[in-house]
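So the protein lines, in turn, are chains A and B.
Residues in the first sequence are numbered from 0 upward in steps of one, following the numbering used here.
Residues in the second sequence are numbered from 0 upward in steps of one, following the numbering used here.
Since the hints were derived computationally from the structure, they do not count as laboratory data.
Please note that the accuracy of each hint is not assured.
A pair counts as met if it fits within one copy or between any two copies, since identical chains are not told apart.
What the hints assert, rightly or not - Below, in silico cross-link-like pairs of lysine-lysine (BS3-like), each with a Cα-Cα straight-line distance of 27 Å or less:
#: 1; residue 1: Lys122; residue 2: Lys293
#: 2; residue 1: Lys491; residue 2: Lys216
#: 3; residue 1: Lys212; residue 2: Lys491
#: 4; residue 1: Lys129; residue 2: Lys289
#: 5; residue 1: Lys290; residue 2: Lys560
#: 6; residue 1: Lys223; residue 2: Lys584
#: 7; residue 1: Lys129; residue 2: Lys290
#: 8; residue 1: Lys117; residue 2: Lys64
#: 9; residue 1: Lys465; residue 2: Lys560
#: 10; residue 1: Lys293; residue 2: Lys129
#: 11; residue 1: Lys584; residue 2: Lys407
#: 12; residue 1: Lys223; residue 2: Lys491
#: 13; residue 1: Lys223; residue 2: Lys293
#: 14; residue 1: Lys357; residue 2: Lys290
Remember, predicted model here, so these are calculated numbers, not experimental data.
Number of protein chains: 2
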Amino acid sequence: MEPGLGVGLGVGLGRAGAAPGLKAAFSSAHIPTEQLELAASYVSDAQYNRNIHFETSSQAIRLHKIYNHWAAQRVIYLFVLVDLLLALFEEPAVYLLPIWVSLVCLLTFVGRLAHFSKIIPTKVFWRDAKNICLIITIMLTLIDMTVYWAVVITGHDTVRWSRVLRPLFCVNFTESRQLRRAFRNIRHTLPEILSVFVLFMFSVAVFSLMALKLFEKRNLTTDKGAPYFTNYLDIFFELYVLVTTANSPDVMMPAYNVSWGYSIFFIVYIIINTYTFMSVFLAVVYNNYKKHLKNEVRKLVFMKHRKMVEAFNLLKVQHGSEFIILEADWSQLVRIVAPEIPSAHRALLWRVCDEDQKGYVGQEAFIQLADLLNIQVVQMKERIHPLEVRMPSIYTSAVSQFIRRMVKHRGFRYMYDFIIVVNTIFICGDEANPYISEAEWVFLTLYLIEIMLKLYTYEPRVYFAKNQFWNWYDTIIVLAALLGTVINTALKSANGYSNQQILDIVFILRILRTVRIIDSFYRFRILLNTLLNLLPTMLTYAMLTVIVYYTFAIIGMEAFKGRIRFYGSNSSDPAANYCGNPALKGTQFAADGYCKNNFNNIIHSFILLVELTVVNQWHNILFDIKYKKKIWIYFVIFHVVVVIIFINIFIAFVLEAFFVEHSLARSAVETGSEIMIVNNVTHADNKLSFVAGYKTVDTLLQHMFEAELKPKDQLPTLEEIEEFSPDDMVPHFLTPHRA
Amino acid sequence: MEPGLGVGLGVGLGRAGAAPGLKAAFSSAHIPTEQLELAASYVSDAQYNRNIHFETSSQAIRLHKIYNHWAAQRVIYLFVLVDLLLALFEEPAVYLLPIWVSLVCLLTFVGRLAHFSKIIPTKVFWRDAKNICLIITIMLTLIDMTVYWAVVITGHDTVRWSRVLRPLFCVNFTESRQLRRAFRNIRHTLPEILSVFVLFMFSVAVFSLMALKLFEKRNLTTDKGAPYFTNYLDIFFELYVLVTTANSPDVMMPAYNVSWGYSIFFIVYIIINTYTFMSVFLAVVYNNYKKHLKNEVRKLVFMKHRKMVEAFNLLKVQHGSEFIILEADWSQLVRIVAPEIPSAHRALLWRVCDEDQKGYVGQEAFIQLADLLNIQVVQMKERIHPLEVRMPSIYTSAVSQFIRRMVKHRGFRYMYDFIIVVNTIFICGDEANPYISEAEWVFLTLYLIEIMLKLYTYEPRVYFAKNQFWNWYDTIIVLAALLGTVINTALKSANGYSNQQILDIVFILRILRTVRIIDSFYRFRILLNTLLNLLPTMLTYAMLTVIVYYTFAIIGMEAFKGRIRFYGSNSSDPAANYCGNPALKGTQFAADGYCKNNFNNIIHSFILLVELTVVNQWHNILFDIKYKKKIWIYFVIFHVVVVIIFINIFIAFVLEAFFVEHSLARSAVETGSEIMIVNNVTHADNKLSFVAGYKTVDTLLQHMFEAELKPKDQLPTLEEIEEFSPDDMVPHFLTPHRA
């Protein structure tokens with residue numbers, strides 16, 4: 000995973016079975032199955048960075064294994080997703096769905112919790128805020144559903160307030176620890192942000208006071224004839240909006256029209272508040288987020304080490320003055336922890352652990368195991384093409400060899416680059432022209448031929464390797480385009496007209512196909528790879544963002560739904576001019592035709608929130624500020640949370656990705672989700688490569704920090720770790736069985 | 000300057016005159032004055048990081064000294080400034096000024112160039128692009144002036160195209176090397192930015208094509224009834240504007256009104272282009288600017304070393320197997336280089352150089368001198384208050400001591416914090432109220448008393464030390480407010496009414512006074528210090544920005560002046576509704592009342608450019624895009640240069656300042672322009688402090704990198720330095736005299 004480990008892997012391999020005598024001498028040692036199972040649970044927890052304080056009874060261990068089974072986790076993820084999606088299907092709904100779906104979700108959650116309560120000691124279960132929170136949320140949801148059902152039956156209307164609580168299901172199940180960690184990071188970043196925010200607000204307040212003193216006596220009016228800068232709170236709000244640049248230069252124009260001198264006030268304001276403070280926010284978020292992430296990684300390394308030591312203590316036998324684990328026990332353990340690993344690979348892992356072929360491993364070597372299990376062992380070099388296996392005579396014939404040489408030739412790539420360029424020209428043309436629509440078939444065929452030729456030349460599993468982004472891209476796009484075109488043609492010949500949705504998709508696919516040309520330019524490839532490497536890193540972060548958006552969308556929906564109506568784009572209803580809300584008559588909101596920017600359902604709410612994130616015009620979207628003062632609180636909080644904190648974290652991620660890219664040697668960086676090839680190890684007949692892939696959702700940054708921490712071979716001390724959250728602690732009652 | 004040096008300074012002091020015998024033995028060695036002068040020139044160039052290839056004749060050396068005299072440099076700076084300011088005083092002028100001012104500027108420049116040509120060899124002079132550039136600029140300006148004068152005399156109108164060249168005077172004089180270096184950094188950053196920019200434009204182009212294919216057949220119309228997304232170039236421009244967020248959400252509304260599904264297209268576009276690419280620009284600018292700055296600093300260190308070696312070779316005498324410089328020669332050299340240094344300080348410097356009191360220095364120790372001369376030696380601790388010297392009996396009396404103890408007490412500060420709060424409340428009140436306007440005198444008096452008490456308690460030179468930002472702030476603000484209030488009262492009693500301008504200033508000063516309360520909160524003080532530390536760093540950068548703005552303003556003025564007219568804010572002229580330009584009838588520009596956003600004079604141009612930097616509404620400010628296609632080129636180039644490059648450099652500076660602050664121990668950081676106190680050295684009766692101040696305009700970053708480079712005691716090799724510009728090279732014909 001980290002370079003240091005890679006070097007370790009290379010040493011000492013290939014001298015299998017060097018000390019059979021010692022090995023035999025200890026093979027009689029026998030560990031009870033129960034203990035092995037317990038140790039396996041520890042190792043598995045260490046491997047996946049889980050921190051569950053499970054009981055050590057054999058039943059609890061079995062349940063713990065089931066609890067962490069991928070299928071059980073997927074089911075919970077699915078139901079959490081369904082529960083969140085319910086917002087689409089309930090009043091105000093996009094499509095209405097019966098109420099029992101919601102009940103099924105709740106039942107699943109209850110089942111999951113009950114399962115969890117069997118694994119860990121009762122005391123621990125009830126002391127854990129996450130569980131309490133889940134139980135309360137479930138109960139509140141039930142109460143809310145009952146009340147809502149009763150009220151609706153009697154013909155009244157009420158608020159489904161419990162829907163705001165749904166994201167809690169996302170965060171509070173044990174398997175969402177990645178999400179919780181990210182939230183914790185943000186929470187820890189808050190104090191520092193807060194102090195900058197207070198200073199920033201102070202600065203806005205002081206400037207507002209200056210503006211009031213400068214302009215209140217001057218009787219200026221805005222464009223619309225309204226009084227200009229006469230009320231302190233209005234000024235404060237206008238200047239806050241100016242920080243987001245949304246009302247520049249309009250806010251300045253009335254003063255600037257009187258004298259250019261006043262514009263100095265605004266320019267100074269913009270330099271200090273818009274540019275300097277916003278950059279300071281970025282700096283503080285960046286600095287702190289990174290610092291706290293480092294701390295979290297330190298904790299993870301510490302916890303992993305602790306759990307591996309527990310497992311070691313369960314399996315160790317004395318050998319002279321030191322404690323060791325025998326190959327037989329080790330092998331059995333790995334078989335339990337990772338039954339999917341074939342025995343050849345297990346043997347390879349053993350040889351890596353037992354560098355000196357002594358037939359046993361010490362504590363240090365054993366602890367490596369958690370990391371070793373996360374390393375993906377990929378057989379990839381010099382695979383034989385399946386066609387060569389099936390019909391060697393044809394595949395190795397002169398014609399076949401010529402075709403393969405041709406495909407591997409540079410000219411082949413150039414030819415297809417040229418085809419892409421020609422295709423682009425055709426796409427730009429009018430597709431109503433029959434020549435152009437016919438040409439599409441030619442291009443499709445050409446692309447299909449390309450893919451087939453490449454599959455003929457290269458081994459399919461190599462062609463579709465995880466890191467071959469562009470091969471996947473090509474294949475998916477071309478096949479989808481083929482499918483779309485076929486369906487469209489079929490529909491056309493059946494009904495006589497094309498389906499516009501399918502046509503849209505086909506057009507977009509055609510255009511996306513041409514994007515592949517980027518790959519032919521080295522500089523762009525490097526850039527794109529950096530960005531693609533960013534994607535897995537951003538997964539947790541994207542989920543976090545969705546949760547925040549979801550919460551705001553639900554609150555917005557409950558608070559503001561139905562206030563603004565959209566009458567269709569060509570409505571002749573006079574109410575369409577003021578979105579069905581007389582209070583909006585004559586506002587900028589109505590004039591701009593923003594009626595569809597409302598909270599009437601979850602989709603509209605999400606789109607509105609995206610618009611608010613982009614910031615422009617947000618003061619106008621904030622429709623009835625003049626009428627209902629409290630509304631701006633919602634919008635300003637959204638601005639602070641999403642624009643100041645989340646967008647800055649996003650920028651910090653991109654910056655970090657570029658700095659990492661810059662500091663890593665470019666040659667070592669591979670495309671896709673793999674970061675670096677650690678080592679090549681010869682084993683049996685195949686060439687094996689250890690590829691440090693990311694099985695877990697761990698982020699790029701985490702790996703960087705881990706790499707930074709590990710080479711010193713030092714475990715972070717408890718002092719270095721700033722703050723432990725309850726779900727990180729290994730309970731102290733988990734004492735080793737054989738001390 | 001760097002910590003390593005600080006430690007060095009502390010060692011060996013206080014053992015003055017330890018080896019008088021050796022000292023006497025060599026004192027007879029005599030260096031000719033000529034050679035001393037030459038060496039002094041080298042040292043002085045090293046001290047100020049100058050790279051002038053001056054001739055070694057005694058006349059050239061004398062001229063070189065005059066050329067670099069601060070007064071000569073100030074004169075040139077002044078005239079460059081006047082030349083730039085001419086834009087205010089020429090047609091289209093804010094105030095018209097006679098033409099001879101321009102001629103005086105040119106004459107000064109010619110004189111300066113002639114002076115420079117006497118210093119360096121003719122061949123070098125004519126090979127230097129800077130000189131050629133200056134000569135051509137001067138000639139072009141003269142030609143332009145003549146033509147303009149002739150044309151205007153005959154009653155025609157013409158363009159003063161040479162004004163665009165004026166910023167070249169800023170950049171091309173030898174003393175602007177700091178500016179040139181910054182420009183060079185940006186130029187070196189360009190290739191990498193370019194490749195991102197091309198990829199970004201490709202992405203916008205692909206999305207535009209998709210938008211065209213999606214919307215062209217749908218016959219959608221915008222809010223104003225115009226066809227929506229039917230022309231490729233229009234779509235491209237609209238989507239480019241969307242990257243700046245200026246037309247969000249308007250650009251999406253027509254499609255969104257038809258179906259929410261289309262908003263997915265825009266959301267994906269925003270995530271990829273607005274957020275990801277803009278962050279990538281920041282990352283690339285940040286990364287490269289830093290990298291190239293590091294390289295520039297490496298060059299500086301290298302050059303400094305070379306020049307010091309030259310100087311050493313001129314003064315060295317043989318002593319055993321090594322070459323050395325004797326105290327007498329050294330002392331004479333320093334006297335020539337820095338005549339303003341008193342002899343006590345010179346003796347101190349010598350003791351720092353000659354650590355072991357041997358009476359001579361070797362090459363290594365001699366090379367330090369360039370850095371030592373840049374260290375500000377400040378006598379500051381335990382100064383005796385002048386009043387104590389003058390009238391000790393009163394100053395040390397019990398009452399006086401009580402007062403001083405009181406002022407130093409925490410309660411004093413709290414009391415004044417409270418007064419500030421009360422004052423703020425009064426300021427918020429209506430100043431027409433006589434009680435409130437009278438109260439102002441009370442507050443002014445209180446603040447004056449505070450300053451006087453503090454001056455009584457603390458030594459004035461300590462109180463007004465360079466790093467006492469808030470003391471300076473207080474004093475200036477209070478005195479200015481006092482002056483303003485007195486003038487205003489005088490005017491009022493004389494004329495019966497107040498001068499509004501003075502009142503405005505007084506109001507602002509009153510509000511600014513309350514800002515001092517920030518200093519009472521530790522967290523805010525730290526934050527503010529970080530920002531204040533940024534200021535000197537930003538000087539060069541700010542000049543750069545002004546030059547870029549100036550160039551754009553002049554081009555904009557020449558190209559677009561007079562197209563748009565502003566008729567005053569209450570004009571009843573019907574032409575006022577369309578800014579006097581019929582082409583603007585019915586445009587958003589006219590509707591928003593943007594008539595004053597024009598290029599009619601340099602001030603309007605600057606303000607307009609600031610508005611374009613803030614970005615919002617820039618597509619509307621780009622007034623007649625629909626009528627004159629070529630105009631958008633100007634605006635887009637401005638956007639790329641200022642928003643994408645310069646603003647990102649600004650953000651990079653702020654980020655860097657925060658990271659530096661974070662990595663330096665906070666205790667070592669002092670306010671103001673000083674970064675750290677290097678060492679305390681006892682000398683004679685006073686306690687002396689070496690304060691590593693910044694005499695030169697060197698930036699924070701540079702010092703950081705220098706610190707990073709120095710501790711290894713390694714000179715950067717020529718291979719490490721990526722690119723030499725001609726003005727960095729010490730000419731090879733400068734061979735040492737005594738080799």
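(message) Of the numbered hints stated earlier in the document, which are not met by this structure?
(response) 1, 5, 9, 11, 12, 13 and 14
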